[in-house]
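Undergrad: Work the whole structure out from these sequences, hints included.
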Amino acid sequence: MNLRTLPLRHGVLAVSAALALAGCGTMGGPNEQSGAIVGGVLGGAVGSQVGGGSGRIVATVIGTMIGANIGANVGRSMDANDRSRAAYAFETARTGQPTGWVNPDTRNEYNVTPTRTYEQNGAPCREYTMHARVGGQPDTVYGTACRQPDGSWRVAN
Numbered sequence: 013m014n015l016r017t018l019p020l021r022h023g024v025l026a027v028s029a030a031l032a033l034a035g036c037g038t039m040g041g042p043n044e045q046s047g048a049i050v051g052g053v054l055g056g057a058v059g060s061q062v063g064g065g066s067g068r069i070v071a072t073v074i075g076t077m078i079g080a081n082i083g084a085n086v087g088r089s090m091d092a093n094d095r096s097r098a099a100y101a102f103e104t105a106r107t108g109q110p111t112g113w114v115n116p117d118t119r120n121e122y123n124v125t126p127t128r129t130y131e132q133n134g135a136p137c138r139e140y141t142m143h144a145r146v147g148g149q150p151d152t153v154y155g156t157a158c159r160q161p162d163g164s165w166r167v168a169n
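Residue numbers (my numbering): 13 to 169.
It should be emphasised that the hints constitute simulated quantities derived from the structure, not laboratory data.
Please note: incorrect hints may appear among the correct ones.
What the hints assert, rightly or not - Computed spacing ranges between beta-carbons, pair by pair:
{"hint": "1", "residue 1": "Val114", "residue 2": "Pro161", "range": "25 to 33 Å"}
{"hint": "2", "residue 1": "Pro161", "residue 2": "Arg128", "range": "30 to 38 Å"}
{"hint": "3", "residue 1": "Trp113", "residue 2": "Gly134", "range": "26 to 34 Å"}
{"hint": "4", "residue 1": "Gly147", "residue 2": "Ala92", "range": "13 to 21 Å"}
{"hint": "5", "residue 1": "Asp91", "residue 2": "Gly134", "range": "15 to 23 Å"}
{"hint": "6", "residue 1": "Asn115", "residue 2": "Gly163", "range": "33 to 41 Å"}
{"hint": "7", "residue 1": "His143", "residue 2": "Pro116", "range": "17 to 25 Å"}
Each residue gets a CB set at the ideal place from its N, CA and C atoms; glycine is no exception.
TA: Now the structure itself:
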């Protein structure tokens, strides 16, 4: 086995598993799907650092599934008000400046921090970290959002 290609194989496995999970019939809207993909990729990356040989592959797959579930939970929990507040943070917050809120209906807490700003195809994009407390459980999601021609922000991961 070529050690140079080992991380690439695990990355491909993680992305493939995340995309497969995102396409499942039980997935809800685009926020849940995006959360599952981001969480799956990150979980797979963490899992790929555990063990060796076939144990590492199993850890990658398990990490991908756990990460996809966590990411989907955060995405599923966001309502229109939460998406609007996240878009406001993408539009107005300086890089490194957190924007937080508590949803008055669900009592879920969110804190979005843009971590990098760049342009893609003439549109501004923001990488971000979102810390959330959904149903009392803390979760962290990393992602990228880009401004659309209509002025809205869309998660682009």
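Undergrad: Look at each hint and say if it fits the structure.
TA: Against the structure, the hints come out as follows:
1. Val114 - Pro161: 25 to 33 Å: 32 Å, holds
2. Pro161 - Arg128: 30 to 38 Å: Because 22 Å falls outside the window, the suggested range is violated.
3. Trp113 - Gly134: 26 to 34 Å: Since tryptophan 113 and glycine 134 have Cβ atoms about 30 Å apart, the given range 26 to 34 Å holds.
4. Gly147 - Ala92: 13 to 21 Å: Since the Cβ atoms of glycine 147 and alanine 92 sit about 19 Å apart, the hinted range of 13 to 21 Å holds.
5. Asp91 - Gly134: 15 to 23 Å: Given about 31 Å between the Cβ atoms, the range is violated.
6. Asn115 - Gly163: 33 to 41 Å: 23 Å Cβ-Cβ, so the 33 to 41 Å window is violated.
7. His143 - Pro116: 17 to 25 Å: 19 Å, holds
When the structure is compared with the earlier hints, violations turn up for hints 2, 5 and 6 and for no others.
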